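Colleague: Listed in order, the protein sequences are those of chains A and B. When you read off a place in the first sequence, starting at 1, and then add 5, the result is the number in my numbering. When you read off a place in the second sequence, starting at 1, and then add 150, the result is the number in my numbering.
Be aware that one or more of the hints could be misleading.
[What the hints assert, rightly or not] Listing some non-contacts, in silico: residues in chain B with all C-beta distances to chain A over 12 Å: (1) 263; (2) 288; (3) 298; (4) 325; (5) 332; (6) 362.
[Claimed, not checked] The list that follows gives simulated cross-link-like pairs (lysine-lysine, DSSO-like), each with its CA atoms no further than 30 Å apart: (7) B:181 x A:173; (8) B:181 x A:112; (9) A:173 x A:112; (10) B:181 x B:288; (11) A:112 x A:102; (12) B:204 x B:288; (13) B:172 x B:344; (14) A:173 x A:102; (15) B:181 x B:344; (16) B:181 x A:102; (17) B:172 x A:102; (18) B:344 x B:288.
These are computed hints drawn from the structure, not numbers from a lab. Just so we're clear, the structure is a prediction, and the values are computed from it rather than from any experiment. Cβ coordinates follow ideal geometry from the N, Cα and C atoms, glycine included.
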Amino acid sequence: MPERTPSQTVGPYLHIGLTQGAYGAPEIFGPVVAAPGMPGTHVRIEGRVLDGEGAAVPDALIELWQADHEGRYAHPADGRPLASNSFRGFGRCPTDKDGVFRFDTVKPGQVPGPNGTMQAPHINVGVFARGMVKRAFTRIYFPGEPGNASDPILALVPSERRATLIAKADPARPGLLRFDIRLQGADETVFFDA
Amino acid sequence: MRDVYSRAGNAADPPFLSPDYKSTVLRSPRKPLITIPQTISEITGPIYGHSDVKPEEADLTAQHAGEPLGERIIVTGRVLDERGAPVPDTLIEIWQCNAAGRYIHHVDQHPAPLDPNFTGAGRVVTDADGRYQYVTIKPGAYPWRNHHNAWRPAHIHLSLFGPSFLTRLVTQMYFPGDPLFHQDPIFNSVPDPKARERMVCRFDLEATRPEWALGYRFDIVLRGRDATPMDTDHA
């Protein structure tokens, strides 16, 4: 049997290959996961990637993977029909000089979890950067969501670390959720192994 | 809940903290990863394929008015999973420096010339048998500031999706016999020497096109389905 090809860092020049629209190729994905006409509750998710000293990481890349507003994935392993054929569930955004990324999307619906449970609305997140030799995997959960208390994945996270996975609403900016990613330190974001 | 994708092969990956590669020191998660079951959110993933990419994106030497300088090469191979099954219709994103060891990226200040005929970005989608091929020029080595007199071996960056969120892979393809391997902390961040060799392509006379370009073969192996048959679950 063939064996896995190992992971390597994206390096500092990741933009050439992973944001090819900036280098003259047609853009096939970007930070807009759901265009304005898409059904569902639209949200902007904005955050910063920070290193172990709290400094901005300006050469990171964030990828999102999520279900649509009814909790359906645009993938054959889901199989249920989507509300909109144009929803593909994927987004990608490099960080800027201040370590900031921004996505426009819709809040996903609940999706099934293990053993007949339901998962609270969440978005899978991949984090890449210069200085990261492989992708780190985390999740964005939504604030004030009643399903969070019974979510089977959050239940696996020590309670004192769960807050790192829940986006924060900003009362001054309706429709905006903040989600910072701390690669290291006392309030390091929870990363998963699946 | 039983795993759909094998976890054992992940041991091939480098540890987040690979201190000889100095940038990992402040950018490596240090708290234990939380092991979770593979739910529908993980066994699904983005699907981008032939309808998203034009065939000419697989030729990095044909994006400008003239031909880039350097040694033209053909890179071909298959994308497979750990059980040897082909991974069809999956997107590969490609990026690299030019023959002089310079990236078009504004951050790259290496005093080597840019090539007006070379961007160094491409895309290709595997066919029904997991095969892919692209044409480019052989990238040069270049210095970086990780340690005194540090040089990156020639490499091409590759990004792949595979069929799920869990099969995502970003790696680098190296060239056989590169004298810079021993001093490169990125190549050596992979702990197992045999696993490192799986990042090195091989020269292939069959893939070589007479009087035109050398051919290199590089198979890429993504996470595969767990060896335990799923269809015995009901037993």
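Colleague: Hint by hint, note whether the structure agrees.
Modeller: Taking the hints in turn, this is what the structure says about them:
1. 263: 17 Å, holds
2. 288: The assertion about residue 288 of chain B holds, with a minimum of 17 Å to chain A.
3. 298: Holds, since 19 Å exceeds 12 Å.
4. 325: Holds, since 14 Å exceeds 12 Å.
5. 332: 17 Å, holds
6. 362: 25 Å, holds
7. B:181 x A:173: Within the cut-off at roughly 22 Å; holds.
8. B:181 x A:112: Holds: residue 181 of chain B and residue 112 of chain A sit about 29 Å apart, inside 30 Å.
9. A:173 x A:112: Roughly 14 Å between the alpha carbons, so the hint for residue 173 of chain A and residue 112 of chain A holds.
10. B:181 x B:288: At roughly 40 Å apart (the allowed maximum being 30 Å), residue 288 of chain B and residue 181 of chain B break the hint.
11. A:112 x A:102: Measuring from Cα to Cα gives roughly 27 Å; hence the hint holds.
12. B:204 x B:288: 22 Å, holds
13. B:172 x B:344: Holds. Residue 172 of chain B to residue 344 of chain B sits at ~23 Å (cutoff 30 Å).
14. A:173 x A:102: 22 Å, holds
15. B:181 x B:344: 28 Å, holds
16. B:181 x A:102: 26 Å, holds
17. B:172 x A:102: 20 Å, holds
18. B:344 x B:288: Since the Cα atoms of residue 344 of chain B and residue 288 of chain B sit roughly 24 Å apart, the hinted pair holds (cutoff 30 Å).
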